[in-house]
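Student: Given chain Y, put chain D in place with the hints provided.
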Amino acid sequence: MADINETRLPGVGIRFDFTTRGGARVVVVNHHSGRCELLLCSEQDPDACHEVLRLDKEDARALAEVLGQSQVTEEVTSLRLSMQGLTIDWLPVGAEALCAGRSLYDIEHKDEDPASVVAVIRDKMTIPAPPSSFTLQAGDVAIVVGTPAGVEAMAILLRSL
Amino acid sequence: MVGIAAGGAGFLLEVGAVLLVLAVLARIAARTGFSPIPLYLLAGLAIGYFVPPSIDPDLISIESQVAVILLLFMLGLEYTADDVVGSLRAGVGAGLADLFLNFTPGVLVGLALGWDTLPALLLGGVTYISSSSIVAKVLDDLGRLGNLETPAVLSVLVIEDLAMAPYLPLIAVLLAGGGIVTALALSLAATGLAVGAIVLARRHGQLLSRRLSHPKSEVVLLTVFGLLLLAGGAAELLSVSAGVVAFLVGLSISGAIAERARELLSPLRDLFAAFFFVSFGLLIDVRTIPGVLGVAVLLWGVTTATKLLTGWLATRRVSAVPGRLRAGTALVARGEFSIVISGLGVAAGAEAGLAPLAATYVLLTAISGPLLTRYADGAGIRLARWLSPRGKAAERAR
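Taken in order, these protein sequences are the chains called Y and D. Residue numbers for the first sequence follow my numbering, beginning at 1 and rising by one. Residue numbers for the second sequence follow my numbering, beginning at 1 and rising by one.
Quick caveat, the hints were computed from the structure, so don't treat them as lab data. Treat the hints with care, as some may be off.
Stated by the list, open to error - If you want the footprint, here are the derived chain D segments under chain Y, 3+ residues with CB under 8 Å: (1) 32–46; (2) 83–90; (3) 137–146; (4) 211–218; (5) 284–290; (6) 315–325.
To be verified - A few chain Y residues facing chain D, derived, Cβ under 8 Å: (7) Asp-3; (8) Glu-6; (9) Arg-8; (10) Arg-15; (11) Glu-51; (12) Leu-98; (13) Cys-99.
All C-beta atoms, glycine included, are put in the ideal place defined by N, C-alpha and C.
The following block holds chain Y by itself, in its conformation from the complex:
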């Protein structure tokens, strides 16, 4: 694999660059906002580059998927079952998640789409049917049941922002 250089862009994000085997210099600018740009260095002026693609978070994920760099870990941890309009999912609580330290009551009443936490796995211990005053911690795995949209919303909530 080619060496990837990483440079901070203060206030913007991170810039990655590497040279392909064919000799092209590829640059990726990863914005804090999740936006992402794929650029190519120009041959005339190696310092400058021109934009090839501008991607949002979802696009970038799709492109990575297609190129084979699939986010394996994410796929493996997400073990989702669906039956008759109901979805059940095991959702880890992210390290920076807003909901860490919040009660289940707060979390379940944030979104209109209904989904409930039916159990929590903490330190390999399973806590079935936690009360609504139960507070989640980073590192917990919540077992969530609800409509597909509700579970999706919950997944986003538990993951980070």
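Tutor: Okay, now just chain D, sitting in the frame of chain Y:
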């Protein structure tokens, strides 16, 4: 009762009309790809000249204070503590060159105009600080974020913004009539506070961020905004500028909560900042501008050259000639902080010529900077060809 209602109506009508004018200007700015700041300033000048509004000056000064707090807070949010440390490590030489090259012309011109030292120091600040918001936007619009010279340019901006931490308290105390010793002590204290905030943010940033977060937007908005005003007020009591503390609060927040705060507070910032730029224009008597135009143009010419040199020096190790030229021209635009600095002087009643000169100067640089850098690409390639020995020979042969 009737009087109050009528007064209320007058106020609403005035503010509403101004906002609509600004909305039109922002639309024009968005379409043409320019920063709206110079347009807001022009609008303020025009409104002040043709239809002076009757808004209470006290209200304007409170509004300006909140605008400065929000502007600096959002700027601090843009940077993480790691960005700051990285920039300082990589760009301290360029930062010092930048300070020397661009602060000095302002001070010298101020002194040459027969001003006191203090307003001259303010003018130095005006010419020193490039507009982070304009430069970042221009780099993005021109697709230069991936360029090799861009990290160095952004580092220069970070260091300039950081330099405000000792500079603003120093100026604030001197303006309030405090002695130089107190001013230096406070300036040192603010620097210490900045270092402390950065260290804390790097070690325990997660803790603060987690304490502040909540799934409900209004909780986050009220907490963060309330904290900001409190911290700003406490800072003003100690006469350390409120803006600096807001900047430090912004720096110390990172991660998920920073993202939320940015989302929630940027509309507020846009609103207050737009009013701030207009009211700065309002305070200036347009008739004083022709008198300062000559000086402003001179200052513009000199400091455009010095910023070019700054960019050239900052990127001389990483980039070839075209990159260096792009970096230098990108830094030309001055904007919000030049206005903030001269606004401090105006509020304290220092030197009547400062405000019109600063406004004219910001208009010149904010408009010419983005244009210059747009055409720097072509010029850079030509310059590189001319500078290289082979190019010169080819030129001669022709």
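Student: Okay, which hints does this one fail, numbers in order?
Tutor: 1, 5, 7 and 8
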